[in-house]
Amino acid sequence: MSSQYQTISSLPHHVGETVRVRGWVAHLRSSGKVAFIVMRDGSGILQCVVVQKIVGDTGWETFSALTLETSVEIEGEVRADARAPGGVEVGVTNMIVIGTSPVDYPIQPKEHGIDFLLDHRHLWLRSSRQVAIARVRAEIEQALNDFFYERKFVRVDTPILTSAIGERSGLFSTEYFDEGNAYLAQTGQLYGEAAAAALGNIYTFGPTFRAEKSKTRRHLTEFWMLEPEMAFVDSAGNMQLQEEMIEYVVKRCIERCSAELAVLERDMPKLEAIRAPFPRIDYTDAVTTLQGKGSAVQWGDDLGAEDESLLVADYATPIFVVNYPKEAKAFYMKENPADPRTVLCSDMLAPEGYGEIIGGSQREDDLDRMTQRIKDEGLSVEAYDWYLDLRRYGTFVHSGFGLGLERTVTWICGIPHIREAIAFPRTMYRLRP
RNA sequence: UCCCCAGUAGCUCAGUUGGUUAGAGCAUUCGACUGUUAAUCGAAGGGUCGUAGGUUCAAGUCCUACCUGGGGAGCCA
Numbered sequence: 001m002s003s004q005y006q007t008i009s010s011l012p013h014h015v016g017e018t019v020r021v022r023g024w025v026a027h028l029r030s031s032g033k034v035a036f037i038v039m040r041d042g043s044g045i046l047q048c049v050v051v052q053k054i055v056g057d058t059g060w061e062t063f064s065a066l067t068l069e070t071s072v073e074i075e076g077e078v079r080a081d082a083r084a085p086g087g088v089e090v091g092v093t094n095m096i097v098i099g100t101s102p103v104d105y106p107i108q109p110k111e112h113g114i115d116f117l118l119d120h121r122h123l124w125l126r127s128s129r130q131v132a133i134a135r136v137r138a139e140i141e142q143a144l145n146d147f148f149y150e151r152k153f154v155r156v157d158t159p160i161l162t163s164a165i166g167e168r169s170g171l172f173s174t175e176y177f178d179e180g181n182a183y184l185a186q187t188g189q190l191y192g193e194a195a196a197a198a199l200g201n202i203y204t205f206g207p208t209f210r211a212e213k214s215k216t217r218r219h220l221t222e223f224w225m226l227e228p229e230m231a232f233v234d235s236a237g238n239m240q241l242q243e244e245m246i247e248y249v250v251k252r253c254i255e256r257c258s259a260e261l262a263v264l265e266r267d268m269p270k271l272e273a274i275r276a277p278f279p280r281i282d283y284t285d286a287v288t289t290l291q292g293k294g295s296a297v298q299w300g301d302d303l304g305a306e307d308e309s310l311l312v313a314d315y316a317t318p319i320f321v322v323n324y325p326k327e328a329k330a331f332y333m334k335e336n337p338a339d340p341r342t343v344l345c346s347d348m349l350a351p352e353g354y355g356e357i358i359g360g361s362q363r364e365d366d367l368d369r370m371t372q373r374i375k376d377e378g379l380s381v382e383a384y385d386w387y388l389d390l391r392r393y394g395t396f397v398h399s400g401f402g403l404g405l406e407r408t409v410t411w412i413c414g415i416p417h418i419r420e421a422i423a424f425p426r427t428m429y430r431l432r433p
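Taking the working numbering, the leading residue of the first sequence gets 1, the next gets one more, and so forth.
Do not take every clue at face value.
[Claimed, not checked] Dumping the calculated BS3-like pairs for lysine-lysine here, alpha-carbon to alpha-carbon at most 27 Å:
(1) K251 - K270
(2) K326 - K293
(3) K329 - K215
(4) K326 - K213
(5) K152 - K251
(6) K375 - K329
(7) K293 - K251
(8) K293 - K270
(9) K375 - K326
(10) K53 - K33
(11) K213 - K33
Read the hints as simulated data drawn from the structure, not as lab findings.
Produce the complete structure using the sequences and hints provided.
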């Protein structure tokens with residue numbers, strides 16, 4: 001990278017110096033013979049002041065021809081000025097157009113409908129709010145990787161193309177040579193379990209796919225999931241790691257993303273309140289509580305979105321709901337020895353009504369019981385032969401969970417809809433851009 | 001798959017019990033202005049009212065179907 005250019009974010013350290021900056025025109029204001037270019041370069045927003053008698057007639061013509069989103073290079077002196085957003089501005093002495101932009105740039109500094117914005121997602125990404133979300137997302141991903149690296153977890157990348165295996169929900173399928181259909185992975189967990197028997201503590205982090213016709217603010221058909229798997233760790237240890245992880249990630253965002261969270265107008269005290277440990281609520285108790293609050297939920301039902309909100313309303317931190325009925329959960333979860341109607345699992349529900357961000361469990365480690373559960377679910381034992389090998393050859397207590405990245409981003413950013421939490425959201429009706 | 005809602009200018013919307021030539025703001029073009037903060041002021045251009053039928057003397061407005069989205073449910077991260 002050439003050092004003769006400065007990023008906008010670095011300019012407060014260059015007051016009094018002449019600098020060159022490259023970026024895009026975000027806004028234009030003219031007032032006779034003095035004009036303002038608001039420029040963005042991804043690192044920040046800069047007010048550039050153009051005065052006709054300084055830039056001369058040629059420079060003024062260059063300015064007059066500028067349009068929104070033209071890419072430009074400007075040169076000038078950095079000066080502190082209270083009237084400039086961010087406190088510094090550049091007095092332009094020279095200006096070069098890099099790439100012009102027609103006057104019909106679709107996204108204006110005003111409100112747009114969501115349909116229009118999603119159709120122009122490739123351009124919408126340039127707006128300050130979307131830039132802020134993208135930066136918070138990247139920080140969350142980095143924090144997660146750091147958290148597991150510090151704890152000596154090994155990152156294992158699992159296949160996206162799989163044979164039919166995993167959970168019951170919808171699969172995307174595609175032809176796969178002479179092997180019949182391949183399916184896009186909806187979890188890396190089963191592969192993660194195999195890797196845990198090799199490496200001890202591992203995690204996977206990658207895209208995952210659900211062909212469900214979900215139309216809600218919490219669902220995408222393609223989303224990123226982080227799935228740790230830990231050998232010789234039970235359900236209690238599983239939850240302890242989860243709450244440490246969430247506390248770590250939230251703290252990192254508060255430390256390093258305060259500017260982005262300010263753009264998003266995030267209620268910071270609500271994030272600052274996120275401290276482990278988080279409450280554990282037994283599913284059976286949760287049902288009683290919910291019925292007391294007027295919910296129609298019956299023991300045995302999974303908790304609906306409204307039930308989750310009701311439950312979380314009493315807490316400032318995320319909560320765990322533990323030990324759901326067997327019928328409501330996946331076949332690989334270990335039966336609860338204290339209550340065989342239930343399994344050793346935990347869902348983490350985020351505060352402020354953001355809902356489930358983590359689903360985790362201790363895995364069934366008994367070969368016979370696992371085989372029976374696969375049969376009970378109407379699944380093919382042959383398809384799971386390699387998975388059963390993990391119980392056949394040196395079975396081990398192990399636990400893990402799946403963290404939904406976009407749901408976590410949505411919650412930490414305090415934004416209303418999951419589709420803003422990923423650069424190019426894939427939903428039922430959106431495959432482009 | 002089910003329930004609800006919406007489609008009028010490039011964008012965001014208004015449009016009365018059906019009634020003259022379809023309205024505004026923003027954006028665009030032209031003009032004014034030496035410190036603007038989504039600048040302001042003046043002027044101009046810009047429409048197959050989602051599509052197809054139907055009712056009516058008359059439909060942006062009422063009816064039917066379809067299309068395209070949005071919100072929610074279920075499922076889950």
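Taking each numbered hint in turn, which are not upheld by the structure, reported in ascending numerical order? 7, 11
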